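Here numbering that gives the first Met the number 0 is used: the first residue of the sequence shown is 0, the next is one more, and so on.
Hint data in this document are derived by calculation from the structure and do not stem from the laboratory.
If you're wondering where the values come from, they're calculated on a predicted model, not measured in any experiment.
Errors might be hidden in some of the hints.
To be verified - Straight line, CA to CA, 25 Å or less: simulated SDA-like cross-link-like pairs of lysine to any residue:
1. Lys358 x Pro463
2. Lys512 x Ile309
3. Lys74 x Met629
Claimed, not checked - Quick list of the computed label-pair ranges, beta carbon to beta carbon:
4. Ser165 x Gly455: 39 to 49 Å
5. Thr447 x Glu114: 33 to 43 Å
6. Gly624 x Leu520: 17 to 27 Å
7. Asn604 x Asn298: 57 to 67 Å
8. Gly163 x Leu471: 47 to 57 Å
Even for Gly, the Cβ is constructed at its ideal location relative to N, Cα and C.
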Amino acid sequence: MAGALHSSRGLALLLLVVLLLIAPGNAFYLPGSYMHTYSQGEDIWAKVNSLTSIETEMPFSYYSLPYCRPPGGIKKSAENLGELLMGDQIDNSPYRFSVNVNESLFLCTTKGLNENDAKLLKQRARDLYQVNMMLDNLPVMRFAEQNGVTVQWTGFPVGYTPAGSSDDYIINHLKFKVLVHEYEGASAEIIGTGEEGSAVVSETDKKGMSGYQIVGFEVVPCSVKHDAEAFSKLNMHDKIDPVSCPMELRKSQAIRQQERITFTYDVEFVKSDIRWPSRWDAYLKMEAGANVHWFSIMNSLMVILFLAGIVFIIFLRTVRRDLTRYEELDKEAQAQMNEELSGWKLVVGDVFREPTCPKLLCIMIGDGVQILGMAIVTIVFSTLGFMSPASRGMLLTGMIILYLFLGIAAGYVSVRLWRTIKGTSEGWRSLSWLTACFFPGIMFIVLTILNFILWGSNSTGALPISLFFTLLALWFCISVPLTLAGGFLGTRAEQIEFPVRTNQIPREIPARKYPSWLLVLGAGTLPFGTLFIELFFILSSIWLGRFYYVFGFLLIVLLMLVVVCAEVSVVLTYMNLCVEDWRWWWKAFFASGSVALYVFLYSINYLVFDLRSLSGPVSAMLYIGYSFLMAFAIMLATGTIGFLTSISFVHYLFASVKID
Numbered sequence: 000m001a002g003a004l005h006s007s008r009g010l011a012l013l014l015l016v017v018l019l020l021i022a023p024g025n026a027f028y029l030p031g032s033y034m035h036t037y038s039q040g041e042d043i044w045a046k047v048n049s050l051t052s053i054e055t056e057m058p059f060s061y062y063s064l065p066y067c068r069p070p071g072g073i074k075k076s077a078e079n080l081g082e083l084l085m086g087d088q089i090d091n092s093p094y095r096f097s098v099n100v101n102e103s104l105f106l107c108t109t110k111g112l113n114e115n116d117a118k119l120l121k122q123r124a125r126d127l128y129q130v131n132m133m134l135d136n137l138p139v140m141r142f143a144e145q146n147g148v149t150v151q152w153t154g155f156p157v158g159y160t161p162a163g164s165s166d167d168y169i170i171n172h173l174k175f176k177v178l179v180h181e182y183e184g185a186s187a188e189i190i191g192t193g194e195e196g197s198a199v200v201s202e203t204d205k206k207g208m209s210g211y212q213i214v215g216f217e218v219v220p221c222s223v224k225h226d227a228e229a230f231s232k233l234n235m236h237d238k239i240d241p242v243s244c245p246m247e248l249r250k251s252q253a254i255r256q257q258e259r260i261t262f263t264y265d266v267e268f269v270k271s272d273i274r275w276p277s278r279w280d281a282y283l284k285m286e287a288g289a290n291v292h293w294f295s296i297m298n299s300l301m302v303i304l305f306l307a308g309i310v311f312i313i314f315l316r317t318v319r320r321d322l323t324r325y326e327e328l329d330k331e332a333q334a335q336m337n338e339e340l341s342g343w344k345l346v347v348g349d350v351f352r353e354p355t356c357p358k359l360l361c362i363m364i365g366d367g368v369q370i371l372g373m374a375i376v377t378i379v380f381s382t383l384g385f386m387s388p389a390s391r392g393m394l395l396t397g398m399i400i401l402y403l404f405l406g407i408a409a410g411y412v413s414v415r416l417w418r419t420i421k422g423t424s425e426g427w428r429s430l431s432w433l434t435a436c437f438f439p440g441i442m443f444i445v446l447t448i449l450n451f452i453l454w455g456s457n458s459t460g461a462l463p464i465s466l467f468f469t470l471l472a473l474w475f476c477i478s479v480p481l482t483l484a485g486g487f488l489g490t491r492a493e494q495i496e497f498p499v500r501t502n503q504i505p506r507e508i509p510a511r512k513y514p515s516w517l518l519v520l521g522a523g524t525l526p527f528g529t530l531f532i533e534l535f536f537i538l539s540s541i542w543l544g545r546f547y548y549v550f551g552f553l554l555i556v557l558l559m560l561v562v563v564c565a566e567v568s569v570v571l572t573y574m575n576l577c578v579e580d581w582r583w584w585w586k587a588f589f590a591s592g593s594v595a596l597y598v599f600l601y602s603i604n605y606l607v608f609d610l611r612s613l614s615g616p617v618s619a620m621l622y623i624g625y626s627f628l629m630a631f632a633i634m635l636a637t638g639t640i641g642f643l644t645s646i647s648f649v650h651y652l653f654a655s656v657k658i659d
């Protein structure tokens, strides 16, 4: 009875979800924060994030520069783990917006700039630092003309240095355009998953929610030389006459020592037909269009079909033909044939011989399973819309949580592989500990070195000591126990038996005309060919501050990468066995794992040719450090795919051979 009741409740919940999805006349919106409707004249306060630059890649606090402070003091917004790791520092600001009220307002006039403030402002302007401002969780957007093409950017510059001028000029006047959609309680079921909570708007609530929704936030920044003495008599948010952006440098505000700077801004509200669920579309438009991604996918499909053809020939023609001929012979003929065997059949007594450094192999396979599982689940959830750009840091936070909980899979796989190789569970505890510490340990060492560099530069990208201890506590209290639990489950799982016995004396491997590792390194070019185009967009998202939200394409590329890695590893393993080389374990891992080498080299190429503006050794060290961690994680994940496929292939192949 209880089971039937539980089943009926589950069915009712399923029906409710289906009805929500197919209800006519209602818009279902999953990603983003909960919709906020504002009334006429209601005050909204903008927020500011860290200053960022594509030249240095080191974020700094907005209030590290002599900007106007908010009336009630600086208050930091609550930040999640991902935001802290990305160097975000979201503070309140003095910029006030009264809904649907167009006005020009005075903010403040600074004291005369001292030597340090003037020098810092000049440096930030020359390093192309951007101010990142948000209104109702929307980043401010500006449009600029470059070579006759309108380019869209988020944020606005701290200042600029005109060509042919030795002076630097500060952006001290902002002309905001706020796009609003008039909301009249039309039927729309809204589910929010962002930082402002989640809720479903009911029909009874809609009548009282009529008002205006923020659907766009644009800015035109300019530098204006104000009369500091006249403006210093005003109070913050006093109304002033509309200000025009000057075209002449003599009317712009230069950055000089003892100069007093006046900050002002204009606000214009414009009604828009853009609906609230579509307000992020302007930020998520792909600059190169979908055609580039489809080209990448078609290119990858050609590689997959080519490799699939080779694997098909290996399985259905070569291997099956040899096995069929072998099984049709009588025992005397088999014994005679055994003496005349060539190729992979000769290594039957050595193919499952223990590899060199078996513990390290088990550790890397376990960590690879953990990273691969994290990547697949994260991309699937992102494709379904759960990782919205409106929820800053949510993607990175989700990845960390998934990685911690997938420690149980890492422990299970590493210990079970250890038992398969050694034939015993002895030493599984130390193996589980090393699996839990290997990749996080390397990451911790690299991040600590990079963090000391950022601390020395007073960057907000430096992780606070408290966050270090938080990450260590999460790792020690969640990941380590789960990895040990997974290892324990691995000792209780059914042991995988090798289909053939291993000889006591290793067979001599014939000399080859070329090093076998040369073929292994070359094999990595095929998986790299499936992802290098998508890799460009990901690197642009990370280092140039662009939004990346084509997770559907990324999921397809990931699935094709898995297939290519599996095919490449199987082909290379078979080729090694055919030349009587039974040392296939590590080669199977690096056949697909070597793609990481090309990813790292491509990252260096991207640094040299696409990030030419990146300045200074500190910025280059940060870039190379993060690129190394990315490539190392890719090596573990792709190497694991290739190894697990190869060991399954070899096990199947020799299980089909009947040799006494």
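In rising order, the numbers of the hints this structure does not comply with: Going through the list in order, the structure violates hints 1, 3, 4 and 7 and respects the others.
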